[in-house]
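Undergrad: Protein chains in written order, with the working numbering: chain A, 1 to 332; chain B, 1001 to 1258.
None of these hints come from the bench; they were simulated from the model.
Quantities reported herein were computed from a predicted structural model and do not represent experimental measurements.
A couple of the hints might just be wrong.
[To be verified] Computed beta-carbon distance windows for the label pairs:
#: 1; chain 1: A; residue 1: Arg190; chain 2: B; residue 2: Ile1235; range: 49 to 57 Å
#: 2; chain 1: A; residue 1: Arg224; chain 2: B; residue 2: Arg1189; range: 33 to 41 Å
#: 3; chain 1: A; residue 1: Ile181; chain 2: B; residue 2: Gly1030; range: 28 to 36 Å
#: 4; chain 1: B; residue 1: Pro1213; chain 2: A; residue 2: Gly226; range: 53 to 61 Å
Glycine included, each C-beta is placed from N, C-alpha and C at the ideal position.
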Amino acid sequence: MKMEQNKKTVWAVAEHSDGKVKKVTYEIAAFAGEFSRRFGFDTTILVIGRHVDPLAREIAGASGCKVIGIESDAAFVYNAEVYRHLLKKAFAKYEPAYIFIPHTATGWDYAPGLAVDIGASCVTAACGVKDEAGPLFVRQICNGKLNECARPLSERPAVVTVMPGSAQPEADATGNGSASILEMEAPQVRTKTMRHVEAPRASLNLQEAEVIVSAGRGVGGPDRLGPIRELASLFERGAVGASRPVCDNGWLPLDSQVGITGQTVSPKLYIACGISGAMQHTMAMKGAKLIVAINTDKNSLFCKAADYCVVEDLHRFIPALIEKIRRHKSAG
Amino acid sequence: MKILVCVKQVPDMESDFRVNAEGTGYDERGLVFRINRYDEFALEEAVRIKEASAERVELTALSVGPERAESVVRRGLEFGADRGVHIVTPSCDMDAIEVASLIASCANNNNIDLLFFGIMAEDDQRCLVGPMVAALLDVPCATTVVKETMSWDRRCIEVERELEEGRREILEMPLPAALTIQSGINTPRYPSLTNKLRAKKQAIEVINSSGLPQPRKSGQATRTCLPPPLKGGVILTGSIEEQAERLVRIIHEKTAVI
């Protein structure tokens, strides 16, 4: 009887650093909550840490969910081996059917190993759920040109990492949240976290910009960025951004990178030039009010994510656009 | 000291992708295949370690995949790998855990000290195989690595991982260990003509997957489909002049930044 009850639980694993709960925690909680309502599960949020009680209570209060704080001295900082060990032990005790984890540099670091440890199916970077006689997880493949729906085996647990931004958290109005603490012994681990390095105080200008003109590989080379810079300079608070490959190739400095691992931005206008659109880029700028893509490939993810799409060679189109903007400004 | 670099063959990402007849993946017809870009960064990093080492390093490039995947093993040899291993599978329609099991059994037989992977494959974008191999072998693993320093005498490696918004985390792991490499860590080389000629002649060790311990099926059914159209995505039409004119109007009306 106990077994059956436990099978009806899904977990969402929280993310935090430096004593602060990260926004993805509430997103993964909202994702798990929606999933539970649809498929008849109960949601529990797990948070792992040292001195975890205040975090557990904060999450319970904000989400209205049941929260289990896993308290362990070894979890004073994120460590993949520690997380896997503690989650495996907690899994053996509660046997949830699904474990939802944010698809972040932390989540994709420990989720695959956890799946192996507990013999679970593993689906990564899910961005939605479909119901076809049971849950299917929707994910993008081939740079978003195709979707894949993955159905984990029903007789196994499933570890699912979920793209940030896939569910919108709502402030809890029920006050039903509760927090309990589960103390666990510190495991022996081989990986030692030495230190963290903060991001260079870089592109504040990207954060503050009203207009971002971003360059992708389609621009063609570091010597061909002129039109991008000129277009950005036409706006009072304009800045130049870049896709990951452009920074990897050294065409623009790393601090101009827009992406989950770079800068997350929400300008009034985002013009993507020659960017095919990796998901990690589109996720980081979807807060922009107006998104324009200039790309020769109308099937690229970016053209689909944009509000407006210009399917032209950017080196022919941008000069024309610059001229029209100049004319508009002098007329206005 | 033995290093294994795992490389995958993927289609060119600029291609137009269609769903295959079975609805289980992309249609391979008309696609041009090449090495996964992230794996090139991993290869380059491993070759640099080999070149900088005073100790003898044996570097193996390994790929799991159908016949055509041989070309990416050869690419590994062109970069400077000493050995090329191709685990031939009937198709490329495999789960990450199946691929990881094949790699793990091969690594186990070879006493590998350091395993390199790209952070993900460009086609299925799963970020799974590297950390799964590490878990199967029970060795520590660091993902999204942007820098690493070998400490030969202490038999450990210090790695720098990229976190969100430009933060980084620095870890130390004893060998054997596995790393998944983030793009931009280096500039992958253009193999020299000498290396290309050597790679062309060199024999690749072919292992039939049916001869290895049969991988565990994670058994998830997948179905592939065209994504639904996102948001508006209005495609402007007309001459370049007309499109530019219209875009200026749209920007003016919707954002007032001009």
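Undergrad: Indicate, hint by hint, whether the structure satisfies it.
TA: For each hint, the structure was consulted:
1. Arg190/A <-> Ile1235/B: 49 to 57 Å: holds, 53 Å
2. Arg224/A <-> Arg1189/B: 33 to 41 Å: Hint violated: Cβ distance 24 Å, outside 33 to 41 Å.
3. Ile181/A <-> Gly1030/B: 28 to 36 Å: Hint violated: Cβ distance 57 Å, outside 28 to 36 Å.
4. Pro1213/B <-> Gly226/A: 53 to 61 Å: The hint (53 to 61 Å, Cβ to Cβ) holds, given that Pro1213/B and Gly226/A are roughly 57 Å apart.
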